[in-house]
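Chemist: Chain by chain, the residues run as shown.
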Amino acid sequence: MNTRTLDYVIKRIGFSFLTVFVVLTFNFVLFRALPGSAVTDLSRVPNATPALRHALAQQFGLAQPKWQQYFIYLKQLAHGNLGVSYINGLPVWHNLRADLFNTIPMVGLGTTLAIIFGIWSGVTAAWRWHRPADYLLTNSSIAFYSFPTQWLGLMLVLLFGRFLPTTGMNNAFAVGGSTLSRLGDTLQHMVLPAIAVALTLYGQYTLVVRSAVLEVLGEDYVLTARAKGLPARTILRRYVLRNALLPIVTLIALSIGYVVGGALLVETVFTWPGIGLAVYQSVLSRDYPMLQGAFLILTLSVVMLNLVADLISLKLDPRVAE
Amino acid sequence: MSELDTASVTEEQRSQRSGLGTLLVKHRAGLIGGLILLVFVILAVGAPLFAPFSTTTASGGVFAPPSARHWLGTNDGGIDMLSLLIQGGRISMLVGFAAALVAAIPGALVGILSGYFGGAVDTVLMRITDFFLVIPVIPVMIVIAAVWGPSLLHLIIAIGVLLWTSTARVLRAQVKTLRQRTFVRRAVNLGASRTRVMTRHILPHVAPLLIAQTVVTMALAIFYETALAFLGLGDPTAVSWGTIIEDAFLRTAISTGAWWAIVPPGLCVALVVISAYLVGQSIEEGLNPRLRVANIAPRSWRVRPLVGRGTEAL
Amino acid sequence: MSEPILDVRDLNVWFELPSGRELHAVKGVSFALGAGEVLGLVGESGCGKTTTILATMGLLPSSAEVSGEVRVDGADTLSGGEDSVRAHRWTDVAMVFQGAMNCFSPVRTIGDQIVEPMKYHGLAKGDAARQRAGELLEMVGIPASSAQRYPHEFSGGMRQRAAIAMALACDPKVLLADEPTTGLDVMVQAQILELLSGLAQSLGLAVVLVTHDLPVVAEVCSRAAVMYAGQIIEMGAVDDLYHDSHHPYTRLLFAATPSLLGDDVVASIPGTPPRLDQPLTGCSFRERCDSAMDVCATLSPALITVGAQHSAACHLNAVTSDRGTRVALDGDVTPEALQ
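Protein chains in written order, with our numbering: chain A, 68 to 389; chain B, -2 to 311; chain C, 80 to 418.
It is worth saying that the hints were derived from the structure and are not from the lab. Hints are not guaranteed to be accurate.
To be verified - Here's a subset of chain A near chain C, in silico, CB distances under 10 angstroms, partners left out:
hint	residue
1	K133
2	H197
3	A200
4	R229
5	F230
6	L290
7	A292
8	T301
9	R305
10	Y306
11	R309
12	N310
13	L313
14	D384
15	R386
Claimed, not checked - DSSO-like mimics (lysine-lysine), calculated; alpha carbons at most 27 angstroms apart, straight line:
hint	chain 1	residue 1	chain 2	residue 2
16	A	K142	A	K382
17	C	K204	C	K252
18	A	K78	A	K142
19	A	K382	C	K198
20	B	K173	A	K133
The beta-carbon is built from N, C-alpha and C at its ideal position, and this holds for glycine as well.
Model the full structure from these sequences, guided by the hints.
Modeler: This is how it looks when you write it as structure tokens:
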């Protein structure tokens, strides 16, 4: 790796750390430092027994000045201590860990579907530019992009609720059964929410890919490739797609925040026990430590994923480091 | 008129002559979008006039399907859906519009300052923009609204504070090119103060773009308002498209099969978003038409057979 | 001239515009060159010179329609459409684009892109191909080791040379160079031109050099064709065009080039070229011509031989010339009409 590339990598990692730091601080300020703060204003803790209040006061060091609280907060985070849920008294991280592992496969499936179909549609639309196929794909993408996510989920429930399960991750009444059958059951439950996630993202991805490919189609090196006598399929693969990949990856990376938001809404509609649902439920029950913890995890994941996307773009295009 | 003004007036006039009106006319899609938006705005403003029934008292059966009397049926409280929809449009569009205005301020400021000054100012502002871009929008909005307390104002600010980034970027790009234009350089050379150049010369030229972006931001804001209301973070007493969907969800409209309680509000949001997108695209395309060439395409060029040209030997 | 390597006859290109109208960009262009010759194709921007050479290789967009003949070493390449012309690309006819353009894909190494056509056309593969790529780079004055670098690591001049090396990868008979020096600085321009003319001589390449820069033509080309509004209005030896031009446009064009040494007033040709999406009667240059006659408004002049290897399309010649050999554009001109 030459020095310029190394430079770039260091800068990007540095920026991510800075972002993480700002997010942590923002988290602290919002939940603890503002007046009437949700976490430390103990009168707002539902069902707070004196013992709980005392424990909380100790834990958060509420007697101490704000900046000291800040350091306690950072120290706790370093130990993976995200606080304790108001509702079930268990550590926040304990609750969220399971949720996180539920969210990842479902959202992963949905996002992968969206990327695959989005790339296919985008390339097709760009290739058949200004022809019927293009108009069809582009307009339907704009439509999908415009429907509210939760509404898309509800529509899926309305239309397919008869054929596929629409709540939860498993059939609560299925007792026993082999691991395989339970896995199959989970997958069945995953179908509709994953499709909801996919539909939300598909429109945006199609438009992004189409735009990137159109841009590349107008480049001189495509004409040169054609002049070399190469067949169209080779040119599409080696020159068009390959060069469109960078802007596509960049724009998909930018949409990660949108993915997270979409996942949240989808999990709420389908009662999928993931981190999005955890956020929703903690909002409803005013379980602020949970909310704070979930928010932190979500935002950190987005920052990390963005960093990964940045490093991938570096591999895709040697010019990025300049 | 000062010397400054007369010197640059001819070139500016020439480039400003193609105003918003002419631009929209050239683009059918934008025109249709604009019309649809206009209809929604009219309905929103005159909601009490247009709503056929009351939105607070029952006028029909519970979850009654669409009929001649209730075009879109009723919800679980027997309230007419169409009236709810029209009334809901009011709050939704109001929040959308207000949030878009809130977002327009940092968007325009960052965009113009960044594009005009370049250099260190640009780098810093762009880093800040990058940071805001990385942040996942919905979780942050949720957190702000949850911690601050449910109210329309909080919602507007929470949304507005996060949606300014694309406006900033688009404006920055245009300001950078504008800065090189003759009339701007002339104004600078004639000794105009920076503020003056930015307000009197650059601002009028980015105004159409700013408007296009604000329209799109408004649509996005409505989109996000729907999401937040769905999660119970809006004003519980206000009726908006988001709360209509929320109600439908919470009050088992699905299991009852009452699609009329769910489908219309989503369609309304989608229509507004699509229309705003079309209008925004149209304006932007009109301002900076992109000359796209395809160096390779599925269909190939054709050979024209030579029509007989008399005694011409081939 | 012995059997020409590149023989273009009566080439026409029409473009279908989004408005539905048709743009006649190239009107009946004909020229021929033999091995080792460098032909200049000159004219202001928009005159159709780029379209002409793109059409020679069939590199036109889907909105184009073509008629006429293009023969490379005797073989008819154009009339079979894209598929038939594709077989001749790079192996028979290769192209070098403008200096400022990026004909290299930014994500692959230069070496890879030079090797690619060799592999595809079956001329060489593996180490042999890489070896040859290195040799080609050396031939154009670039160290062979830079084959592993990416395009953005090259300077503009080096990139252009690499583009020439790439164009020679499959040993073509014809090289089409579209403004190869535009966008490059003067010193580099001279080097590129020297390279091109040297290659023409040593490899026996037939080169068509498209340019709007007349000193370039004087430097490198033996013959040149002047294009205006899609037509060749004069063609002949460069000396003849400079000192014995038979068309007002040629004369004005060469007069418009400011001399570095003298302090001539820079003459420019007032007006703009005609629109090519509307039918034109008479001579296309009439509006801007300083010697236009009545007949110029109604009759389009044909390309007539006015000297050895020298032809021009102007009514002024038909009046004064006593030879009547015609290379017809449209067969409507009769001797009587010109009297």
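Chemist: Just pull the numbers of the violated hints for me, sorted ascending.
Modeler: Hint check: 1, 3, 4, 5, 16, 20 fail, others pass.
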